[in-house]
Amino acid sequence: MSIDSSRVAENAGGHRMANILTLVVAILFIAGIIFYGTRGARSARQSAVKVGAIGTLSTEGLNNKMAPDFELSSLDGKKVKLSDYRGKAVVLNFWATWCGPCKIEMPWFVALENQYRAQGLEIIGVSMDDSGKDGVEKFAQQMGLNYTVVMGKDSVGEAYGGVEGLPTTFYIGRDGKVIDSVSGLISKSEIEDNIKKALATSATAKS
Amino acid sequence: MRIWLLALLALAVSAAAAQDFPPGGKPQWVELVSSSTPVIQVAATGGAKTTLEFRVKPQMHINSHQPHSGLLIPTELALSAPKGITLQPQYPAGHDINLPFESEKLSVYTGEFSIEVNVQAKGTSPVKVMVPAELKYQACNDNSCFPPKTLKFELEVQVAQ
Numbered sequence: 029m030s031i032d033s034s035r036v037a038e039n040a041g042g043h044r045m046a047n048i049l050t051l052v053v054a055i056l057f058i059a060g061i062i063f064y065g066t067r068g069a070r071s072a073r074q075s076a077v078k079v080g081a082i083g084t085l086s087t088e089g090l091n092n093k094m095a096p097d098f099e100l101s102s103l104d105g106k107k108v109k110l111s112d113y114r115g116k117a118v119v120l121n122f123w124a125t126w127c128g129p130c131k132i133e134m135p136w137f138v139a140l141e142n143q144y145r146a147q148g149l150e151i152i153g154v155s156m157d158d159s160g161k162d163g164v165e166k167f168a169q170q171m172g173l174n175y176t177v178v179m180g181k182d183s184v185g186e187a188y189g190g191v192e193g194l195p196t197t198f199y200i201g202r203d204g205k206v207i208d209s210v211s212g213l214i215s216k217s218e219i220e221d222n223i224k225k226a227l228a229t230s231a232t233a234k235s
Numbered sequence: 011m012r013i014w015l016l017a018l019l020a021l022a023v024s025a026a027a028a029q030d031f032p033p034g035g036k037p038q039w040v041e042l043v044s045s046s047t048p049v050i051q052v053a054a055t056g057g058a059k060t061t062l063e064f065r066v067k068p069q070m071h072i073n074s075h076q077p078h079s080g081l082l083i084p085t086e087l088a089l090s091a092p093k094g095i096t097l098q099p100q101y102p103a104g105h106d107i108n109l110p111f112e113s114e115k116l117s118v119y120t121g122e123f124s125i126e127v128n129v130q131a132k133g134t135s136p137v138k139v140m141v142p143a144e145l146k147y148q149a150c151n152d153n154s155c156f157p158p159k160t161l162k163f164e165l166e167v168q169v170a171q
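Residue numbers (the numbering used here), protein chains in the order written: chain Y, 29 to 235; chain E, 11 to 171.
No lab work stands behind these hints, which were simulated from the structure alone.
One should not assume that every hint holds.
As the list claims (entries may be wrong) - Only pairs whose alpha carbons sit at most 25 Å apart, straight line, appear in this in silico SDA-like list of lysine to any residue:
(1) E/146 x Y/162
(2) Y/181 x E/146
(3) E/36 x Y/91
(4) E/36 x Y/179
(5) E/159 x Y/163
(6) E/146 x Y/186
(7) Y/181 x E/38
(8) E/115 x E/103
(9) Y/161 x E/76
(10) Y/161 x E/158
(11) Y/181 x E/157
(12) E/115 x Y/132
(13) E/115 x Y/159
(14) E/115 x Y/170
(15) Y/106 x Y/203
(16) E/146 x Y/159
(17) E/159 x Y/183
(18) E/36 x Y/157
With these hints in hand, go ahead and build the complete structure from the sequences.
If you want it as structure tokens, here you go:
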């Protein structure tokens, strides 16, 4: 073997080694991405279901922002437009007939509607049922709901951050801004505290 | 070599992203763990069965096939069998749980549960088919409920002579 050919062989060997090292680093990097991707996804899903008997999920994206306006049909066939309630404190409660925790809150909302209506409280229940108005109407009658119930749409749910878990409730001030939002069942006293905060707001939007 | 590395890298990033954003963008609360028979073999005029194992995510429950309330959405396995083959699911009994928000007991599946599928061929010609299957369920945890979901998969059925 001549000197030149041995250099060529050395260079070739060096390139091969560099390629192998690059490949090893790339494989480790890829494995890391997959591992952390998996772990991150698992962690996100676990956090989405990490709840106690009374716990909350985060729906804070709309807090301090104007509540997205919508127009939906109520059970009695009227058009309900959120912006028409400007000047009132609004509780926007997303629920469904198949949602057990939602049923717990309903008698509380009935009582709170009676207690705070004169002060300007308006509770709007948004049914996210796909099964149709008749089933929702029957359920609302059985539960003795005294507040407005509208048939929800996915587009409205999306506008409110997806509303994946039910119940999800938004507390809207008199100026139309979301002052708090809660996903999951909370206590009646926590609901009442949020209602009081909403009632204490001014009708004039602060810029 | 570099092109291969870039391709591998792109694949890995896609795989990691896909795990964060499953199809439909929302997570499944139930997964299909296994089937007792990867291919369900059945005689032209005969029967067979397979057992499908499912797993409900930790801290979650889904309604059983026969929930105690008509308002609740039952777990159903829909199987689109081709002509000449019938597939009949046999559901396990749910177990009753008490939750803080329910005055009555709920009949649910938690953890792992299995559904047996009875397959019958009625003089069917030899064929190998993929049968679309959909597990429809509705999940809750202790303080929230989530919209009904469908877990899609396929069962392979082979009809022999």
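Restraint status (C-alpha distance of residue 36 of chain E to residue 157 of chain Y at most 25 Å) = Measuring from Cα to Cα gives roughly 18 Å; hence the hint holds.
Is it true that the CA of residue 36 of chain E sits at most 25 Å from the CA of residue 179 of chain Y?
-> Distance ~22 Å between residue 36 of chain E and residue 179 of chain Y Cα, so the pair holds.
Straight-line alpha-carbon gap residue 181 of chain Y to residue 146 of chain E, limit 25 Å = Holds, because 21 Å separates the two Cα atoms, which is no more than 25 Å.
Take the C-alpha atoms of residue 115 of chain E and residue 159 of chain Y, compute the straight-line distance between them, and say whether it is at most 25 Å.
-> Cα-Cα ~24 Å, so holds.
With a cut-off of 25 Å on the C-alpha distance, tell me whether residue 36 of chain E and residue 91 of chain Y pass.
-> OK: residue 36 of chain E and residue 91 of chain Y at ~23 Å, within 25 Å.
For the pair we were handed, residue 146 of chain E and residue 159 of chain Y, check the Cα-Cα distance against 25 Å.
-> holds (15 Å)
Hey, residue 146 of chain E versus residue 162 of chain Y, does the alpha-carbon distance stay inside 25 Å?
-> Answer holds: residue 146 of chain E to residue 162 of chain Y is near 23 Å, not above 25 Å.
Satisfaction of hint between residue 132 of chain Y and residue 115 of chain E, Cα-Cα up to 25 Å | holds (14 Å)
Given hint residue 203 of chain Y paired with residue 106 of chain Y - CA-CA distance at most 25 Å | Between residue 106 of chain Y and residue 203 of chain Y the Cα gap is close to 23 Å, so the pair holds against 25 Å.
Please work out if residue 159 of chain E and residue 163 of chain Y have their alpha carbons no farther apart than 25 Å.
-> Judged against 25 Å, a Cα distance of about 20 Å means the pair holds.
Satisfaction of hint between residue 76 of chain E and residue 161 of chain Y, Cα-Cα up to 25 Å = Holds: residue 161 of chain Y and residue 76 of chain E sit about 24 Å apart, inside 25 Å.
Hey, residue 146 of chain E versus residue 186 of chain Y, does the alpha-carbon distance stay inside 25 Å?
-> Holds, at roughly 23 Å.
Consistency note: the structure conflicts with none of the earlier hints.
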